[in-house]
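Listed here are the chains, written in short residue letters.
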Amino acid sequence: MLLLLAGLASAADIPYERYELANGLQVVLVQDHSLPQVVVDTWYQVGSGNEAPGRSGFAHLFEHLMFMGTFRLPGSGIDQLMEANGGWNNAWTMEDATNYYDVGPPELLATLLWIEADRMQQLGHAMTSEKVDLQREVVKNERRQSYEDEPYAVGQLEVPALMYPKGHPYDHTVIGSHEDLTAASVDDVKAFFASWYVPNNASLVVAGDFDPAAVKPVIEAYFGGIAKHELPTRPNPAVVAAPQKARVTVEDDVDYPQINVYFHTPGSFQSGDAEVQLLGSLLAGGESSRLYKQLVIGGLAQDVSADQMPTKYGSLFVISATANEDVTVAQLETAINAELRQVAVTPASAGEMDRLHNQFEYGFLEGLESLQNRAVQLNQYWAYTGSPDYLAKDLARVRDATAAGLRDAAAKWLKPEQAGVVIVNPRTEGGK
Amino acid sequence: MSRYSLTLLFLALGCAPKPVPPPPVAAVEAPPPDPLATRPQIGAPATFTPPSPEVGVLSNHAGLWVINRPALPLVSVVLHVPGGSALDPRGHEGAAWLSDRLMTQGAGKLDATQFAETIERLGIQLDVSTDLDGSWVSVSMKKDQVGAALGLVSDMVLHPHWGVGDFKREKELAVGDLTQSLEEPPTVAARTALSLWYGPLHPWGHPAEGTVKGMGQVTVKDVQKYHAQVWNAAGATFTVAGDITLAEAQAALESTLGKPWAAAKPAGVAASPAASWTDRPLYLVDSPGAAQTMFYVQFPGRAEGDAHLPALRTGTIALGGTFTSRLNALLREKRGYTYGVRARTVERHGDGSVVVSSRIRTDVTGPAMKDLLGELTSIQAGLTAEELTKASGAYKQDQVEAMESVSGVAATFADYQVAGFGPGQLNLDLLSMRSVTADAVKAEMSAYDMHHAVFLLVGDRAKIEPGLKEAGFSKIEVVVPG
Numbered sequence: 001m002l003l004l005l006a007g008l009a010s011a012a013d014i015p016y017e018r019y020e021l022a023n024g025l026q027v028v029l030v031q032d033h034s035l036p037q038v039v040v041d042t043w044y045q046v047g048s049g050n051e052a053p054g055r056s057g058f059a060h061l062f063e064h065l066m067f068m069g070t071f072r073l074p075g076s077g078i079d080q081l082m083e084a085n086g087g088w089n090n091a092w093t094m095e096d097a098t099n100y101y102d103v104g105p106p107e108l109l110a111t112l113l114w115i116e117a118d119r120m121q122q123l124g125h126a127m128t129s130e131k132v133d134l135q136r137e138v139v140k141n142e143r144r145q146s147y148e149d150e151p152y153a154v155g156q157l158e159v160p161a162l163m164y165p166k167g168h169p170y171d172h173t174v175i176g177s178h179e180d181l182t183a184a185s186v187d188d189v190k191a192f193f194a195s196w197y198v199p200n201n202a203s204l205v206v207a208g209d210f211d212p213a214a215v216k217p218v219i220e221a222y223f224g225g226i227a228k229h230e231l232p233t234r235p236n237p238a239v240v241a242a243p244q245k246a247r248v249t250v251e252d253d254v255d256y257p258q259i260n261v262y263f264h265t266p267g268s269f270q271s272g273d274a275e276v277q278l279l280g281s282l283l284a285g286g287e288s289s290r291l292y293k294q295l296v297i298g299g300l301a302q303d304v305s306a307d308q309m310p311t312k313y314g315s316l317f318v319i320s321a322t323a324n325e326d327v328t329v330a331q332l333e334t335a336i337n338a339e340l341r342q343v344a345v346t347p348a349s350a351g352e353m354d355r356l357h358n359q360f361e362y363g364f365l366e367g368l369e370s371l372q373n374r375a376v377q378l379n380q381y382w383a384y385t386g387s388p389d390y391l392a393k394d395l396a397r398v399r400d401a402t403a404a405g406l407r408d409a410a411a412k413w414l415k416p417e418q419a420g421v422v423i424v425n426p427r428t429e430g431g432k
Numbered sequence: 001m002s003r004y005s006l007t008l009l010f011l012a013l014g015c016a017p018k019p020v021p022p023p024p025v026a027a028v029e030a031p032p033p034d035p036l037a038t039r040p041q042i043g044a045p046a047t048f049t050p051p052s053p054e055v056g057v058l059s060n061h062a063g064l065w066v067i068n069r070p071a072l073p074l075v076s077v078v079l080h081v082p083g084g085s086a087l088d089p090r091g092h093e094g095a096a097w098l099s100d101r102l103m104t105q106g107a108g109k110l111d112a113t114q115f116a117e118t119i120e121r122l123g124i125q126l127d128v129s130t131d132l133d134g135s136w137v138s139v140s141m142k143k144d145q146v147g148a149a150l151g152l153v154s155d156m157v158l159h160p161h162w163g164v165g166d167f168k169r170e171k172e173l174a175v176g177d178l179t180q181s182l183e184e185p186p187t188v189a190a191r192t193a194l195s196l197w198y199g200p201l202h203p204w205g206h207p208a209e210g211t212v213k214g215m216g217q218v219t220v221k222d223v224q225k226y227h228a229q230v231w232n233a234a235g236a237t238f239t240v241a242g243d244i245t246l247a248e249a250q251a252a253l254e255s256t257l258g259k260p261w262a263a264a265k266p267a268g269v270a271a272s273p274a275a276s277w278t279d280r281p282l283y284l285v286d287s288p289g290a291a292q293t294m295f296y297v298q299f300p301g302r303a304e305g306d307a308h309l310p311a312l313r314t315g316t317i318a319l320g321g322t323f324t325s326r327l328n329a330l331l332r333e334k335r336g337y338t339y340g341v342r343a344r345t346v347e348r349h350g351d352g353s354v355v356v357s358s359r360i361r362t363d364v365t366g367p368a369m370k371d372l373l374g375e376l377t378s379i380q381a382g383l384t385a386e387e388l389t390k391a392s393g394a395y396k397q398d399q400v401e402a403m404e405s406v407s408g409v410a411a412t413f414a415d416y417q418v419a420g421f422g423p424g425q426l427n428l429d430l431l432s433m434r435s436v437t438a439d440a441v442k443a444e445m446s447a448y449d450m451h452h453a454v455f456l457l458v459g460d461r462a463k464i465e466p467g468l469k470e471a472g473f474s475k476i477e478v479v480v481p482g
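Residue numbers (this note's numbering), protein chains in the order written: chain A, 1 to 432; chain B, 1 to 482.
With the rest of the complex left out, here is chain B (with noise of 0.2 Å):
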């Protein structure tokens, strides 16, 4: 820039009455290029080719995908049993949370200070956690730990202890933990949505983790029946990862937990999709002196493996997906209401939704509730081609990177393996998303359908009711969250 202007200053003063004899070639010498002026162009998108399982089976009928991923000596191993908080019995929510917490209190030979010391002192990581419909295991370790740990794991399905003092410290404990989420408004909101999307009595109408009343009527029976319910190997899954071979595999679960569990037969949840509600209020959650207002609104979407999903996807990432979505650009890059805005599709068996949250500024609920309405409505009319591509590479970015660690390759197989896909499902969502068309995801995206959402707000109700009003929210419901 700056040797363009002088250079010109230069030839203007040559242009005095009096003429002068030119300047020397080398005082006109051209600017060097500037690299940075021309933007680079963008090749061809690499080939991605997602791995692909071997599938096997162990003798007691539990399913085996392996992924033989031998970088690291570190393997995953994801065991899933179907079941989960759907089963809990009605009064009692968290039931199916407790058992699970409490196959790691104490099992085999090991009390529940002795089951930690030996799972920490060989750096294995567990994970147990329970969902709607099902209950799950992780493990990771170092290779040479894997017979250990399938040992440990063994002991927590075949032999727990269900040791009264650890049942009611544990149950202390998660009354203390769900009693404090209590004040976490992105807790709140998702809780209490999900009763107010299937209804308090369905099977899928509270937490996984249960409900602080709930929690507080669970007996030592209702962990030992959800265990003995479940864990029943012909309905099992395991999904390994990492440096290990199908053959390995096979091995160390057959010598480990090869044999029949004490389940009868699999514990199955029949699918129910959420009831179909029309035009109900604006739901709110009273929270005195937020700082912000939490908004939690959700949809009707679509199930798992339903051939609509790849264009609701789409929609969804385009929506509130990534960080240049319509819904991040208009209330946090344009307006500066938000530290963020996130749309999900969730999908189960059998039902589906899409999920659309965010926290925004409390003086500017009214505002920003009027924008979203209008973002709402407006992609109803459908995406751009940008907006497609954009959609597609993000999603095959995602899958891109969950394959980078042992633990992320088993979780995302596992998925596919408990909906029961095929070990190459994957790279068939892959295709999908690149090939879905404009008018596929214009005709999902009339999901985005007002009155068969449900809006739910965790806010300062004196301050932000009047500006709700002011949106088009005439009724508005305060709920209780419990």
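Here chain A stands alone, though its shape is the one from the complex (with noise of 0.2 Å):
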């Protein structure tokens, strides 16, 4: 197994080159010419996480907003003129940040690059109440397609005040509620713009058919002029080890039970991190692992699923299982504790390790085909780890995790007596 693992950390080597601008932008190249392919990924440290009392949701409704034009390039200038060039981008916002990224053939990269500049530069100052009404119309769709309609959803709406007190970065959901977003005004925009939107809170991955020598005087040229600013004070919560209660049940038009069993577990990279994503590969990765064989095989469950969601302040990791016809989600529930507690004491075997790490080796390499996924990947090793250059650690990490290990941290994180349980029943008459 060592030696495999070790052949893939030259396989999987993401050769880049790293500096920091003057106002602080970290700045990444990676060279990858095999296709006419270019890849601007932008990361801001700021998600939902930064969201101010009253306002869940603006970090991820700022982010449609990014899209809404500047003094340089209006209204949708931005979709416009990517995808008038065979261009394309696209967001996403998460607890702790904001990730931006911008996909084009190779002679849209400088067009690119200004895009990114103008809009970290003004893209605040050219803010209205048309622009925010708008997308707060189109976020709230999102949440009614993400949510409100699709089965089962609506108990993963309750999952952060099951799980953190409030005040805690993590007590409400990335979308939101309805009432935050409707109170959403121009002057939260600009002032969150003016906060977090600066330089020194940012990470520029630059990848794909390019060369470097022509493309350093661009980025300087771009983005080396815009200010840098003090940052926000941080959130700096104290670590939640229990739910706030141990359970909650929504109705939902579904036809069937669903238990969804969470617990506080290491955050992103932390310590423990990799034991604990493993034991979810352990427990629920394909038709040979344990739930699967217990629920699915022993005719409790139609699914089950086991996956730690990691995050920078302490990361979650669910247990979902569906029940079949005439089967309570309290037998769920009882045969999901009794593998937890053997699990806890018994260490996976070395078929089972075998399994884990394969798995595990051929979704490393899967990923990294991609190159945007190259580009992600580096900036997250930036944001949580202070360093892109945390590939072969990422790596040892999985590689050094022993059967023993997985087992402690069961024992250590995956307490049954310190779940928070969300349970979806099928609306029942007149339930809506």
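Wrong hints could be hidden among the right ones.
Claimed, not checked - Below, a list of computed lysine-lysine pairs in the DSBU-like style, where the Cα atoms sit at most 30 Å apart:
hint, chain 1, residue 1, chain 2, residue 2
1, A, K293, B, K221
2, B, K334, A, K190
3, B, K143, B, K109
4, A, K293, B, K143
5, B, K225, A, K293
6, B, K168, A, K293
7, B, K475, B, K370
8, B, K143, B, K259
9, A, K393, B, K143
10, A, K293, B, K213
11, A, K190, A, K166
Just so you know, the hints here were simulated from the structure itself, not pulled from any lab data. Predicted model, so just to flag it, every value in this text is computed and none were measured.
With the hints as a guide, dock the two chains, each given alone in a separate frame, to form the complex.
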């Protein structure tokens, strides 16, 4: 196994060049001339965890507003300019960060950099209430589509309040509430932009088919003149070890009940994070996993999953299972807890460890095929570890994870008595 | 900006009645140029020449294409046989899907659990799927696992177990999945539209996954019959991409899947286009309490290989294929009715269509449908030159990105091989999309003929019906998804 992963380290290397502009902007250049395309990935270290009270969903709403134009490129100019020349873009917001990515042919690279610099410099100044009102409606539609009309997803809206105390950065959802989205104002947007969308809070990865000697002066010219600013104080929450209450039950338009069991686990790239991620695979990573055999092959559930959801100030680990007809969530919970108690005392077998390492190895390699994935990976390393130079360590922490380590991690982090449970039941008559 | 203002203020003060000495030269220093003031020039488009597969054939007559991509030690293999859910016995819809799924539930010397353990312990990614006219096995792995992976696929194809317990479990899981999917508006819309588009008795008139009722009737004999009917090497194609040469792929396949298979002859399903319907009612799946209305509109399109397809693709991309397409610009960015709209061409052997879909706020369903009709009408006047360029660029970029991963390369070329094209067809398609003319697109846009369309909505009938009538949909027929 050690030899396999050592080979993987060389195959999965991402050669890059890193430097910092005088204003604090991190720059990473990754050359890949195998296809005629480039990616510009800009990562701002601000997410829903930095939202003010009463403004849940704001970081994500702001992400939408980043595409609403500037003085130099008004209206939908960003999208128009990219798409007219073979490019496209998108973005995503999470608890700790917001990520913007542009993809296109090589001849578009200078334009992509110009667009990113332009909106980093002046997006907030060009904000209007019309833009905010429009994107507020789009985001509310996203909420309806992704949560309110998506089977079982209303349960996810309950998780922050179940697992985090009020005042914690993660005590609300990234999508936010309708009420808070309605309350967002142009002044909020301008203040958020001025506070967080500054070069010393961002990392720019340029990847693909380009010449660094030609691109470096362009980056310096476009981004170098954007002023740095002192950043607001970041949250420093206490570690949360237990849910705020044991369980919450909601109803939805579904046919079978579902149980979702949440645990507080180590934050991204922190000690224990790798072991808990591997525990997710051990428990439910495929049809030979422990819970799949117990619950699905055993006739109790239609499906089961187990995943670590890594975030900066402590992660959540969730086990979800949807009951078969005539099976209760109590039966599912009993079976899940029995397996958790087992995994906390009995180490994984050699065969199971082989499976975990090989599944990880394939997934890691496959993930690096995509130019965009590579760009995001380097930005993630920078954001969570302070340096993009973390790939070898990322592999090592999986390589070094042992069966005993997984057992100890389960005993420490996945105690059934410290779980927060969300149950989604089929709607009762007149329950809507 | 601020430096310009200060300079002007200084000069104004210089106009006072009492002359004053001119300021020192340094005080009127020109402001530094704004490096962002001018948008950069965009150069000529980079050339993209897609790879061209090497072609071989196995001794059992199965076709073989190989695309050598040695950048990472990964290999992806796509195996296809013709057949699919079109062969489902009437009343047993889902038989083909369940048959293919059961190939992974015990084969060769391994029972279902042992089979999964072996696949997963080796880090092999295995996917089995069924569509309307074929069955697929996709397997991706590290280069050193190619032999083991193909050995397992060989067992699936040649020696599936059809265990009674496995059959019962997988059938129950399938019924459960199908039942749950009736709560997912996009799935409900797509599956219901198939029946409406082709008619329930047409071979393509039911979803490949089957229906709740049909799956409930599937027997072990059904799944065995399907397998024996379609898994014939002479009709099979292999598309292989990754760190492997044609000789290596051929040797690995000959030693595992190179002998004749069970089926007597390749199963073929005659191409059978949808019937030509006219002036149909608006179909509505009632979903009380839904926060959004899903609309799914289907028009007659072009079959794969049709010479007019590039023009239809171009118009469809301009209509709803990108973020700045007409429907997204109107319904999302101008109105705020939706999170997004999508229009796409669906190309089959001998048949094709255009599908436009979105999820819109319940309370604006009527106005949104009015807007939709307006756009479907106005696009028949043709596209702008910018829209033509944009569509061609978007298509090219899609193909570039498909070439990033070995699984993407294998899947892309598998589609071409299965459709009967030559290995250079991707390049020809790129050239065709670049040379589409405005006149050709305008001619194709007449496909958006409301009289031949199916309009299907999934939403809260009580809340949206009045608005729909106001939008001009006087005939509304409620349908129940199966």
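To see whether the hints hold, each was checked on the structure:
no.: 1; hint: A:K293 / B:K221; verdict: 26 Å, holds
no.: 2; hint: B:K334 / A:K190; verdict: 22 Å, holds
no.: 3; hint: B:K143 / B:K109; verdict: 24 Å, holds
no.: 4; hint: A:K293 / B:K143; verdict: 29 Å, holds
no.: 5; hint: B:K225 / A:K293; verdict: 29 Å, holds
no.: 6; hint: B:K168 / A:K293; verdict: 16 Å, holds
no.: 7; hint: B:K475 / B:K370; verdict: 15 Å, holds
no.: 8; hint: B:K143 / B:K259; verdict: 23 Å, holds
no.: 9; hint: A:K393 / B:K143; verdict: 24 Å, holds
no.: 10; hint: A:K293 / B:K213; verdict: 27 Å, holds
no.: 11; hint: A:K190 / A:K166; verdict: 26 Å, holds
Of the hints listed earlier, there is not a single one the structure fails to meet.
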